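Novice: Sequence:
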Amino acid sequence: MKKLLVLVALVAMVSTASFAQVQFGAKAGLNIAKGSGDLYEGTDSRMGLVIGAFAKFNVSEKLDFQPELLYSQQGSKETVDFEGLEIDGTAKLDYLNIPLMFKYNVANGLNIQAGPQVGFLMSAKYKMEFEGESETEDMKEFLKGIDFGLNFGLGYDFESGLAIDARYNLGMSNISDMDDVDGKNGVLQFTVGYAF
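Heads up, the sequence shown is in our numbering, so the first residue is 4 and it goes up one at a time.
Derived from the structure by calculation, the hints contain no laboratory data.
Only true hints are included.
Straight-line C-alpha distance at most 30 Å; calculated DSBU-like pairs for lysine-lysine:
#1 Lys-30 x Lys-65
#2 Lys-130 x Lys-187
#3 Lys-147 x Lys-128
As the structure is a prediction and not an experimental result, all values here were calculated from the model.
Sequences are here, hints too, so could you generate the full structure?
Specialist: What follows is the structure, encoded as structure tokens:
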């Protein structure tokens, strides 16, 4: 996976110099995060915010390359019964994600998207709520600092510069730093962006 990211980065740097058109923009939207593996067993999805910026390079008439820098709220929610006490728990995992997206323009603004992503864990908190009380614990020491994934989805770019995307991030690496515990991120993402 690391070799793939290095290759994509090199291609991006070499190609950037030859791109005739480049646009910069901002985007924001909604995450519906739900991972897999032991770490996420028995949990529900967590909704969160995604916001950031992008640069869109026109490679050809049909192909665009769009690297992004996104703040992404991920994690999970669960309800645990502890000796008759119902506890609502939320794992709040905040990442700085760098997707390297390739967008193939099918027709009239409609595009198919795919590309690798690297994520850097910024914060990891577990919030417990019970009987009107709440407590938050740091859980960053139990998680790896880097996450690798693959993105794929659909989008529509309007001539005005407005863009809408629906994307799924499939986690490819184990984010757990605990022995015999595995977990991979998974995020369904809906965003609205604007290219200047």
